[in-house]
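Protein chains: 2
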Amino acid sequence: MSFQRLAEEIKRKNNRTVMGLDPDFKFIPPCIYDKQHALYGDTLEAGAAAALEFCLGLIDAAADLVAAVKPQSAYFEQYGVYGMSALAAVIDAAKKAGLYVILDAKRGDIGTTSAAYASAAIGRTAVGGASLPVFGADCVTVNPYLGSDGVMPFVDAAKKYGGACFALVKTSNKSSDEFQNLRVDGGEPLYIRVARMVETWGGVPDGSGYTCVGAVIGATYPRELAQLRGVMPHTFFLVPGYGAQGGGAADVAAAFDKNGGGAVVNASRSLMCAYKSAGDERGDNYKSHTRAAVTAMRDDINSAL
Amino acid sequence: MSFQRLAEEIKRKNNRTVMGLDPDFKFIPPCIYDKQHALYGDTLEAGAAAALEFCLGLIDAAADLVAAVKPQSAYFEQYGVYGMSALAAVIDAAKKAGLYVILDAKRGDIGTTSAAYASAAIGRTAVGGASLPVFGADCVTVNPYLGSDGVMPFVDAAKKYGGACFALVKTSNKSSDEFQNLRVDGGEPLYIRVARMVETWGGVPDGSGYTCVGAVIGATYPRELAQLRGVMPHTFFLVPGYGAQGGGAADVAAAFDKNGGGAVVNASRSLMCAYKSAGDERGDNYKSHTRAAVTAMRDDINSAL
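If you're matching them up, the sequences are chains F and G in order. If you count by this note's numbering, then the first sequence holds residues 1 to 305, one letter each, in order. If you count by this note's numbering, then the second sequence holds residues 1001 to 1305, one letter each, in order.
Where hints are given, some of them may not hold.
[Stated by the list, open to error] Across the chosen pairs, the derived CB separations fall in these ranges:
| # | chain 1 | residue 1 | chain 2 | residue 2 | range |
| --- | --- | --- | --- | --- | --- |
| 1 | F | D284 | G | D1060 | 50 to 56 Å |
| 2 | G | K1095 | F | G162 | 39 to 45 Å |
| 3 | F | A292 | G | G1230 | 55 to 61 Å |
| 4 | G | G1246 | F | E281 | 57 to 63 Å |
| 5 | F | K35 | G | G1246 | 52 to 58 Å |
| 6 | G | R1183 | F | A126 | 38 to 44 Å |
| 7 | G | N1259 | F | E281 | 56 to 62 Å |
Since the hints were made in silico from the structure, they are not lab data. Every value quoted in this text rests on a predicted model; they were computed, and no experiment measured them. All C-beta atoms in this analysis are idealised placements derived from N, C-alpha and C, irrespective of residue type, glycine included.
Could you build the full structure based on these sequences and the hints that come with them?
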């Protein structure tokens, strides 16, 4: 339930890393794309097939090392229906490999619509007399702008099906300051107000000490990260922004509780595209480069705790 | 460009109504589902096939009357890959019927990821040497919580491909007050601050007087709607919440400019499920009931201007 399975994977592998899966065309190794191009030409079908092969290869390369993967829905949606089919296959493969799957979709709407998004991502859809699993991720990211009734359907689905969600609190991008850092009624920034709500949305923490509602807080804002750890003692953190976006191990250390738990750190490009940094331009050995990058990230973060 | 085509459709049909397409299972007429159930049993495939047949029927029923349709992505995603395939077919059919298509997806992420969402919804995806259309809507709804760099990729795609987007400002749900109405730095509510940014994001208005960045403002908050019309003189409004959510014609009147332009009003359940209100429980005549409801809504809104 909630984040217990994620916490177990972290402990078992002694690795607080989430491998982000962002199969944008420009990140896919040419050696993979060329095969699909020969079959399908320059089409969405070729893009989706290459995205799938790449993600399956990354899972194969790192499943024994990382705790979780985070497929980013946008990079699959951009290949249309073929991409959504690839996304479903990636989630299935990751679960079969024992990985915890965080679907990064940043969904959120009015209550009835959020319920449908929650069904799609982590729950089940009612059709006739049946209740059917859909994409079947363990966890999904959600946007809090609509308030409680936009988020609670995700919490309800999480509780009903043993999943979880991460709500955006302080995002890693540069302009997150524009709204998230505005001082609200009591003088505190909006992200703190959102954080206080997130801390309550999940209700009573389970045996792990955390509720089923986590928070997304960017590694690019280490001061806010440390502050929010204090504001949200029962909230599991997903920390993006390590690596290509500029966050380092010292920046993310404050995300963890005193036992080194309660958080995972995501890197996408720096792991997926390790073959590029290594000068392997066609990506013939992308798996070994990603393995090396995952190992280095694990050790980097563990050494900062 | 931007909202000109939408404005033209409104004028041509003298109708400020958007028909929302939310094909949740509980809204689908039994007469439609029974056929699909006979073919596929209680499966996601049956749900998606029934959703598609229902939406195509609604488009056929109302295409000569309404200005636009608004398929809600969540209600397609909940049927998995089959649902996304249905969504693509619904968008195609609506465009062929001459309707303006607003994909209600409320996407938003850091810049690079928002760019992929924008490609999927209203733009094109780069694969190899090609630039390929994907879902091909005219317009998409976006969530502003991440700030400018999360929204600008949608604006860029809108400008490049002649589309548009609507950013959430003041949403129609009950708990939209929780964050959106908090007083920020200067003493004004957050939704006003967001509105001021939305007014600038689209740049210079085109010949219609509006930019390519619109705003979503719920009919359930008529006071805010009137206030925001003043704050955002160059911003086209999408006003959900009419009908089943409780908004009436008097509530939405303030959304329009002095010429009765600059806004569209969405209703979903009250149009799609008109067969239920009419006592046609199996929905055998759902098309004629929807036609009647669309006509009544058109006249109701026009009479309040």
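**Prompt:** For which of the previously enumerated hints does the structure constitute a violation, in increasing order of number?
**Reply:** none
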